[in-house]
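Visitor: With the hints as your guide, set chains E, X and C onto chain B.
Number of protein chains: 4
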Amino acid sequence: MKSFPRKLISVIGAGSPDAQARQWAQEVGGLVARRGFGLVCGGLGGVMEAACRGCAEAGGLTVGILPGVDAAQANPWVQVVIPTGLGQARNVLVVMAGCGAIAVAGGPGTLSEIGHAIKMGRPVVGLGTWALPGLAEADTPEEAVELLFDRLHC
Amino acid sequence: MKSFPRKLISVIGAGSPDAQARQWAQEVGGLVARRGFGLVCGGLGGVMEAACRGCAEAGGLTVGILPGVDAAQANPWVQVVIPTGLGQARNVLVVMAGCGAIAVAGGPGTLSEIGHAIKMGRPVVGLGTWALPGLAEADTPEEAVELLFDRLHC
Amino acid sequence: MKSFPRKLISVIGAGSPDAQARQWAQEVGGLVARRGFGLVCGGLGGVMEAACRGCAEAGGLTVGILPGVDAAQANPWVQVVIPTGLGQARNVLVVMAGCGAIAVAGGPGTLSEIGHAIKMGRPVVGLGTWALPGLAEADTPEEAVELLFDRLHC
Amino acid sequence: MKSFPRKLISVIGAGSPDAQARQWAQEVGGLVARRGFGLVCGGLGGVMEAACRGCAEAGGLTVGILPGVDAAQANPWVQVVIPTGLGQARNVLVVMAGCGAIAVAGGPGTLSEIGHAIKMGRPVVGLGTWALPGLAEADTPEEAVELLFDRLHC
Numbered sequence: 193m194k195s196f197p198r199k200l201i202s203v204i205g206a207g208s209p210d211a212q213a214r215q216w217a218q219e220v221g222g223l224v225a226r227r228g229f230g231l232v233c234g235g236l237g238g239v240m241e242a243a244c245r246g247c248a249e250a251g252g253l254t255v256g257i258l259p260g261v262d263a264a265q266a267n268p269w270v271q272v273v274i275p276t277g278l279g280q281a282r283n284v285l286v287v288m289a290g291c292g293a294i295a296v297a298g299g300p301g302t303l304s305e306i307g308h309a310i311k312m313g314r315p316v317v318g319l320g321t322w323a324l325p326g327l328a329e330a331d332t333p334e335e336a337v338e339l340l341f342d343r344l345h346c
Numbered sequence: 193m194k195s196f197p198r199k200l201i202s203v204i205g206a207g208s209p210d211a212q213a214r215q216w217a218q219e220v221g222g223l224v225a226r227r228g229f230g231l232v233c234g235g236l237g238g239v240m241e242a243a244c245r246g247c248a249e250a251g252g253l254t255v256g257i258l259p260g261v262d263a264a265q266a267n268p269w270v271q272v273v274i275p276t277g278l279g280q281a282r283n284v285l286v287v288m289a290g291c292g293a294i295a296v297a298g299g300p301g302t303l304s305e306i307g308h309a310i311k312m313g314r315p316v317v318g319l320g321t322w323a324l325p326g327l328a329e330a331d332t333p334e335e336a337v338e339l340l341f342d343r344l345h346c
Numbered sequence: 193m194k195s196f197p198r199k200l201i202s203v204i205g206a207g208s209p210d211a212q213a214r215q216w217a218q219e220v221g222g223l224v225a226r227r228g229f230g231l232v233c234g235g236l237g238g239v240m241e242a243a244c245r246g247c248a249e250a251g252g253l254t255v256g257i258l259p260g261v262d263a264a265q266a267n268p269w270v271q272v273v274i275p276t277g278l279g280q281a282r283n284v285l286v287v288m289a290g291c292g293a294i295a296v297a298g299g300p301g302t303l304s305e306i307g308h309a310i311k312m313g314r315p316v317v318g319l320g321t322w323a324l325p326g327l328a329e330a331d332t333p334e335e336a337v338e339l340l341f342d343r344l345h346c
Numbered sequence: 193m194k195s196f197p198r199k200l201i202s203v204i205g206a207g208s209p210d211a212q213a214r215q216w217a218q219e220v221g222g223l224v225a226r227r228g229f230g231l232v233c234g235g236l237g238g239v240m241e242a243a244c245r246g247c248a249e250a251g252g253l254t255v256g257i258l259p260g261v262d263a264a265q266a267n268p269w270v271q272v273v274i275p276t277g278l279g280q281a282r283n284v285l286v287v288m289a290g291c292g293a294i295a296v297a298g299g300p301g302t303l304s305e306i307g308h309a310i311k312m313g314r315p316v317v318g319l320g321t322w323a324l325p326g327l328a329e330a331d332t333p334e335e336a337v338e339l340l341f342d343r344l345h346c
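Residue numbers (our numbering), protein chains in the order written: chain B, 193 to 346; chain E, 193 to 346; chain X, 193 to 346; chain C, 193 to 346.
Mixed in with the good hints there might be a few duds.
List time: in silico BS3-like cross-link candidates among lysine-lysine, alpha-carbon distance up to 30 angstroms [unchecked claim]:
| # | chain 1 | residue 1 | chain 2 | residue 2 |
| --- | --- | --- | --- | --- |
| 1 | B | Lys-199 | E | Lys-311 |
| 2 | E | Lys-311 | E | Lys-199 |
| 3 | X | Lys-199 | C | Lys-199 |
| 4 | X | Lys-199 | X | Lys-311 |
| 5 | B | Lys-311 | C | Lys-311 |
| 6 | B | Lys-311 | B | Lys-199 |
| 7 | C | Lys-311 | C | Lys-199 |
| 8 | E | Lys-311 | X | Lys-311 |
The hints are simulated quantities; they were obtained by calculation from the structure and are not laboratory data.
The following block holds chain B by itself, in its conformation from the complex (with noise of 0.2 angstroms):
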């Protein structure tokens, strides 16, 4: 009957991607939907408002932890807004809120949240993002959430 807490998987990712980069994106969020967990990311644009979207459109819970202090800059699929007004600190709370992150594509604030997610012991996976020893790489957002889920203890 209760089903909560939700289980949240993060997403981080570049904030202007690529078209493909942004495609992947929204798979990885229609495939964590259906896995029947919701999704965390920074709750702005490229990456984040793409799996937001596909987690979104299958149903799934969207959760946005936003770097400023204005709600009204997530982007339109974030659900549940945490402005935080911590600047970057709040990559901090984004791989924390989740049990796990995936990571497409992405620059400097991407490798960030990765050091913090690796640090918490998060499990991570990267999808066309920064190479680095013991971060588990996938060709395709099936392959990212799977790779994910198998790592898990959330």
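Guide: Chains E, X and C alone, transformed into the frame defined by chain B:
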């Protein structure tokens, strides 16, 4: 159709309240849900738990923003858990995530949240909490919710 | 020989104080320095700037913990600038970095800092600031510093 | 006359380094001090402690920004202790407080700091740390400091 982002009310207050404050908090939670709003709080016990229970039992969304890193610290009525590891700094996020705040009883942590909320321009209503110049005071949960919604601008 | 870590007193208060509060803050800063302590504050103008000036002119160390990311926002009397980008959440750090706090005038931001300080167990003395149960009140800078040092345990 | 604010260099790296990394960190600290800069770090042991020691012994200012709330956690070479209670989010502050960063060895926490620093536009030089595209790598402490100061813009 699209009905998000979900608007939230912050409920702040005592972690170890007396029976009346606990009852008030639960009623506030229920009234917030019946206004079509969700509830955000610090995610722990006492007023936070009672308010979440009232809200969830009335069909509302509940969000808990925890001071620690462990999602399992959330009370059982929190649907969306945001662990932060930020300690007291998470108080800022609790009031920022809501359109306005209701304070039920509470000590210095609640005082800090009232200060942050006023600083952010969020309307705040008190129910058996700190008496402060400019803080609207209510005598009942109904009055608290009414006073708050009269002041909301989101 | 080794004389660190340096003990600090937090001075919190109005960003736009009247002439008296500004004068008080400057005197508090000087008195803190003459006690052999440094001063930590929010790093901006008003009470923060006056207190830093008083402390620095008396040979004391001044630390400013800024809400923004730009070190250039610090007032000219801050010797050690800690930009944070945390917004209001930096208030927590300002009171945590001191052994105790003196509040000079101030609005809701100062109120939040008083709440955080009490919650942390830091002694707090007010000088023309919020009247709160349990907050020691002084009438002069000398009395404020004396009351605070009577209560310090670090 | 007036010689503040004090310019700082961030030193980040392993909490449990091998002997070489520890030696490198101490030399980096000394070289930073001899350039007239202070040092900011995470305030704990390992690379942080060695770098603080090197800097302090050469007469430089040392600042430690701690993840916890207890100032006593700082290593004995930290002169200005900033406890935060922010957990991993304090990593953001460590790199924000410096004009640039030198990373000595280090694991995922250091990786997060490198990501944050690059995101903020701070120059970063690595010494036996993560190999990353765009991260300048040095082979000795002297080279690390030289490469960093060539890139500084503050």
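Visitor: Determine for every hint whether it applies to the structure shown.
Guide: Here is what the structure says about each hint:
Proposed proximity of B/Lys-199 and E/Lys-311 is contradicted: the alpha carbons are some 33 angstroms apart, above 30 angstroms. Between E/Lys-311 and E/Lys-199 the alpha-carbon distance is near 20 angstroms, which keeps this suggested pair within the 30 angstroms criterion. A distance of roughly 21 angstroms separates the Cα atoms of X/Lys-199 and C/Lys-199; the hinted pair therefore holds under the 30 angstroms criterion. A distance of roughly 20 angstroms separates the Cα atoms of X/Lys-199 and X/Lys-311; the hinted pair therefore holds under the 30 angstroms criterion.
With a CA separation close to 19 angstroms, the supplied pair B/Lys-311 and C/Lys-311 stays within the 30 angstroms bound. About 20 angstroms separates the Cα atoms of B/Lys-311 and B/Lys-199, which keeps this hinted pair within 30 angstroms; it holds. About 20 angstroms separates the Cα atoms of C/Lys-311 and C/Lys-199, which keeps this hinted pair within 30 angstroms; it holds. The suggested pairing of E/Lys-311 with X/Lys-311 holds, with an alpha-carbon distance near 19 angstroms, which does not exceed 30 angstroms.
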